[in-house]
Amino acid sequence: MESTLSLAIALVTAPLFPGIILKVKAFMAGKKGPPLLIKYFTLFKLLRKGSVYSESSSFIFPLGPTVSLAAALMALLFFPFCGAAPLVSFHGDVIVLFYLLAMGRFFTVLAALDTASPFEGMGAAREVFFSTLAEVTIFTVLILFYRLNSSLSFAEYFRGESPICLLNTSGALLLFVIVSLFMVLLTENSRVPVDDPATHLELTMIHEVMILDHSGPDLALIELGSFYKLFFYAAFISQLCYPFQPADGPLNSLIFYGLITLIYVTVGITESIMARLKMNSVPQFILTSFALVFFAAILTMGVFQ
Amino acid sequence: MDKLLQLKNGRPVERSIIPQVPYGIFFKTLANFVANEGFVVQFFAYGSETKGRYRLLAVVRNTELYVIGTEVGTSFQSLTRAASEKFHLFEREIAEQYGIRPEGHPWLKMVRYHPNYSGEADVFANDYQQPIPGNYPYFQVSGEAIHEVAVGPVHAGIIEPGHFRFQCAGEEVLHLEIQLGYQHRGIERLIPTLPQKRLPLIAESIAGDTTIGHNLCLCQALEGLAGLSVSPGAAVVRTIALELERLCNHIGDLGALSQDVAFTPPAAYFGRIRGDFLNLLQVLSGNRFGKGLIRPGGVCYPMAEEQRGLILDKLSEIIPEIEHVCDLLFSAHTVQARFEHTGTVSSEMARELGLVGYAGRACGLPYDARVVFPTECYRQLPGNCNQLTRGDVNSRATVRREEISHSLDLIQLLLDQRATEAVPVKIEEHGLAPNSLVVTINEGWRGELSHCLLTDDQGRIERYKIKDPSFHNWTGLAMSLRNQEISDFPLCNKSYNLSYCGFDL
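Residue numbers (this note's numbering), protein chains in the order written: chain A, 1 to 305; chain B, 1 to 505.
This is chain B alone, in the form it adopts within the complex (with noise of 0.2 Å):
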């Protein structure tokens, strides 16, 4: 514990404080994190100054942000097997992007399929030329009665691309695998290359369902280092923003389950109050989806009283109606039957795997990075509290349920309360800190987000590092799949609704 440096959430550090210890000392000290109630935030390697070394960083929670640093040769004794699952997929990661090898390792196995930054040799010994990711032995099961299913990277319907694996015994699956990559656009090595004024758009398009969260992380981490500071307003804006983009996704999302149960109603009714919704973020932003309306030192369109009392009469108008289709689809015993015991994921599980927002709530994990790390409004502004967590479909399902209530109570909170003068931000460049580290935590509505954010001594961008909250929670869906009927697998994926341009980048 005393090797690591407690951080603030948005607030940067000087590179030259951060803590770099030998690797043995960076593994134990990690070791020991992660086994008390600790979680990894994100854990990522970057250049250094000696070639063929490579430094690592990994920023942990608990109820505080820490980080601690260490410098490696292209390989490393992995802490997956040895210390905890929450490392796997950062640790694939890291030997896909830098070409560093995990050893020890109990699945090494690509991530996103692309050739590596730093030229050193492929972990995984792949051919890039050959344009097809998932070119990959996949884990098989073996028997009489065993067979195997592949589902896409084409799906029926409008989805993304991600091709899942099944082994299963007649309709029952024994293992999933999910092999993502398909949508990765090389956002992390972009960033740096770019105009400051670019940025948030491009934050914006990292994965179009959560464009404010992203956003939010990204302009909260370039104010981090160019020392801006947000007006209360704008803040106000901005913590709306980022709860009807929740409110957006939470109702369709009970909408679409609803759809897969084959119960139609509620999906359509859902599926219009979204669109309500869409339009408010529309009323604050001039964009559906709040594309434009953060920008680095506040926000482009502050609210003004007409805003408000759209806003307010359109809440005071969709309240009940939203509680009328909620009880229609929580009250249908057929649904419940759907529902209940399909797609659990134990709560010991959930923490092993480190499941963030719902997901991770559903299983009993009460982490909301918008009461332990609060940023915007939040620190005034009361926290939400789950009864029903047994991990299944319906504890995610119930979880949302309460989170829209509990939306819906902050939005009223702060339009009843507040002032929300501001002047619109302009956009220019600012000059970042150098040498600094700043990292970001907000609560998208799929849970943590994070950014974190290097610069070099000029002040430029040296390293960008993005984590979506379904970077941990893809896993979940595959243990929830454990002795499933493959049947319920459209269920239980539409429960977690994990994004995949988020993690592929």
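So that you can see chain A by itself, here it is in the shape it has in the complex (with noise of 0.2 Å):
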């Protein structure tokens, strides 16, 4: 019951957020921004309208939206809210969960390349480029847990005896993860430096280009399944921030929400104080995520005791 509804807060108050990250960059230009529920106010607007369709689109291009919001929303069950036991968790779900959130980037991918646009074509092999790099990071991540508390499964992580987690004996390594992971949050969620949500110029966008095509109830879905993976990246970071213990209560959800407050207002700050990287410079801001992490697993392997 609790997880049941610990999932169905995250999934009803995951719009909310994006709306800070608009707040705080108006905020640090001068304006006024945006109202907080701007993205509940688009996402009805969305859904009340039609959608349109190439004619030169096939049954692949409307999977698209679908299949990733499916995925962002299936990686959410194995999410253990607030240490609280999540909807589904099996020995190695973290593998699954993982490339769950592929498949969406897949079908996704698919769908643009459906519309043989020369720029989502164009989308799709930096979208798909620069999340085979991420992946790396976020494998060298696993590979880091499983030697901090031997489990392959996502709730494992932080439930039990020893949760991995910053408050706790090896915090200090996971410094380099939390770092790495916000990363590979800035990555995965096309924010900047690595692409402009905000830009209207094709050319140098990468996901945003991807779904040019896509409208009403399908932008919608899409639109939401990109607030759910943003919440997951968030939420992961905060959840090894701070041991969550199922007995604390209601205290917990403060405490996560708050965290996860703290992280787009971050992703806020991020944007407003620096310029997108060139395209070029792209993979090494990703690949600097990875020395990171795997200095950290180095350091586990106790090659320096």
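In short, the hints are calculated from the structure, not lab data. Any given hint might turn out to be false.
No farther apart than 27 Å at their CA atoms in a straight line, the calculated lysine-lysine pairs in the DSS-like style are these [unchecked claim]: (1) Lys197/B - Lys291/B; (2) Lys314/B - Lys32/A; (3) Lys31/A - Lys314/B; (4) Lys51/B - Lys109/B; (5) Lys51/B - Lys28/B; (6) Lys426/B - Lys197/B.
Now the in silico label distances, taken between C-beta atoms and shown as ranges [as the list claims (entries may be wrong)]: (7) Val128/A - Ile159/B: 21 to 31 Å; (8) Leu174/B - Ser281/A: 55 to 65 Å; (9) Gly92/A - Ala156/B: 12 to 22 Å; (10) Phe44/A - Ser405/B: 42 to 52 Å.
Positions of the beta carbon are idealized from the N, C-alpha and C atoms, including for glycine.
Mind docking these for me? Both chains are given alone in their own frames, and the hints should help you get the complex.
This is the structure in structure tokens:
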């Protein structure tokens, strides 16, 4: 019951947080910015509209939004919100989880290629290249976690006697992981400095250009999926920051959502104080996150003892 | 050289003293001229008394302005390949406007997609019943990894229409071809048919962001032919208006550059400051783009103490802010990483293409029409010089920053020192000198603007020729993209911010 409830709260509140990023960015630029609930308004607006399909696209095209939303939703099922047992958990579920997210992306890419637009092909190529690099970081993180806690299940990382957490033993290593995961969050969710979610310039886009042809409810599904994905990464990082004990009850949720808000605010600040990277230096940025985690992983191997 | 007639900016000459030479001499003279630091200001065709024969007129500059004319049939030997790339677009324009074929032109393609004026057979064999310009085989690169990206003419965002065709190998652009003409309105042909009173209105609409610049060129041309003189007070207002226009656009563009690299705070601040300068133009003229300010003979709204005070107050408030925002933009290392070594045009290339304005100055071509061919108050004002001339986006942005502070200095000098009393000009028809030619040049915010007016024996306008600086600089943009990443195109494009409608006419 508690697990279902915390998942439901997460699903309902996820679209709120991107509004925080917009507010922070607006504040930094001396503007008022859109209302906090803007993303809910956008979703309702899109859901009321009709979708337009190109005559040259096939059945793959509408599959993109559906599968990518479903994948993001499923990833959340494995997530132990505030230390509560997740709805689904088994040995090795982390691998399934990250490949579910990859499957969502795979279908988004297919749908983009299905339109045969040169822009979308370009965007798809960039997205696939950059997320392949980000995957290296993610799996190094998993290796590191296996070293720390000998489990391959998302729930077990954060539950039990020695949860993986900044405040526990070997928490210092997690500083690297948190910084790397934040970089992966920016990459995977097409934020500055990797991508610019606000641009209207097709030639510079990565993720946005792949969904140019989607409209109405389809676009709403994509947007919702991207909110969940961003929420997933933010929740992942906040779990690493604080050891949530199921016994603590409502206090947990307070700290959890407080940390999540902090992460979104950090995203907003990052986007306001730096420009986008040149496309050819994006791989460097992503591989930096890998280098950090890899260093942490080496430290666990005991080579320096 | 001895065949060329020296002209003065804005001073009419009788058409009978323009040297009319056989084409061979015309060709040789121009080829020699452009080989030695010479640039083309205007090169166009107009009709002659004999059917099937056309006159060509070239206005060229080094540190002085010269003119030379010739007469040709329906073809002539192209100067583009033999002499210089500087003639490239001018020759294509001649081919399109009068159906005269430049033989041996390396890339003969229409410019704006319209039937010619003379009724000669179309050089490009186009069927103009088909409404779509761009009906044309683009330059293509072939190979396994080559892909083609077509952008426009309808763009995301509110910008003007233009078609860009990229030939790419992966992310790298091998070649960019730019096709314009979607906003061709036929202004050059329209002007001779209109009563004089309407001409400034048309000139103000050639390019909305260069309202003052184009109108100033037109008014100076009419003043030259009608023998009108402009009072010093009116000249001050005109100069201030031209500088305010420069400020609005440079500031707006620095903001847009910042936006394009996703660095939002300066984008917002620059946007607000641009609005402040548009409002100053409104203080001066009652219109945020300076429409209705300049008319032949002077200005409609002389500057009173009230306006002078308003402008001075606003400037003293805004100048520290501009400094501050410029520092914010230019000191951010992530922005520097995007601007530097992006979209570089070498100095040799810029010289060969004849780039003008900030695009040229950023490549180390110091030409500024305010210094070389001064009009209005510019003779008494100091020029500017640029430090950073590497030809990349960073140089173009820095040149604009330097021009912003230069323009602010100029406005303050004018406001501090000069009497600005003037009588509002009355709008009336003026008799123009018959059988004359006048060429006017001004440094608009994008660069050298030039209008050229030929009158017939009745003093009516026979041919009106307009050249926006974009006519020179679009090729510069295409060259900037060579071997660049395609994702940097928007940034390069914005660093030039060329006019589509000023080109399309």
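Hints, verified against the model:
{"no.": "1", "hint": "Lys197/B - Lys291/B", "in the structure": "holds (14 Å)"}
{"no.": "2", "hint": "Lys314/B - Lys32/A", "in the structure": "holds (24 Å)"}
{"no.": "3", "hint": "Lys31/A - Lys314/B", "in the structure": "holds (22 Å)"}
{"no.": "4", "hint": "Lys51/B - Lys109/B", "in the structure": "holds (25 Å)"}
{"no.": "5", "hint": "Lys51/B - Lys28/B", "in the structure": "holds (26 Å)"}
{"no.": "6", "hint": "Lys426/B - Lys197/B", "in the structure": "holds (10 Å)"}
{"no.": "7", "hint": "Val128/A - Ile159/B: 21 to 31 Å", "in the structure": "holds (30 Å)"}
{"no.": "8", "hint": "Leu174/B - Ser281/A: 55 to 65 Å", "in the structure": "violated (21 Å)"}
{"no.": "9", "hint": "Gly92/A - Ala156/B: 12 to 22 Å", "in the structure": "violated (44 Å)"}
{"no.": "10", "hint": "Phe44/A - Ser405/B: 42 to 52 Å", "in the structure": "holds (49 Å)"}
Violated hints, listed in ascending order, are 8 and 9; each of the other numbered hints is respected by the structure.
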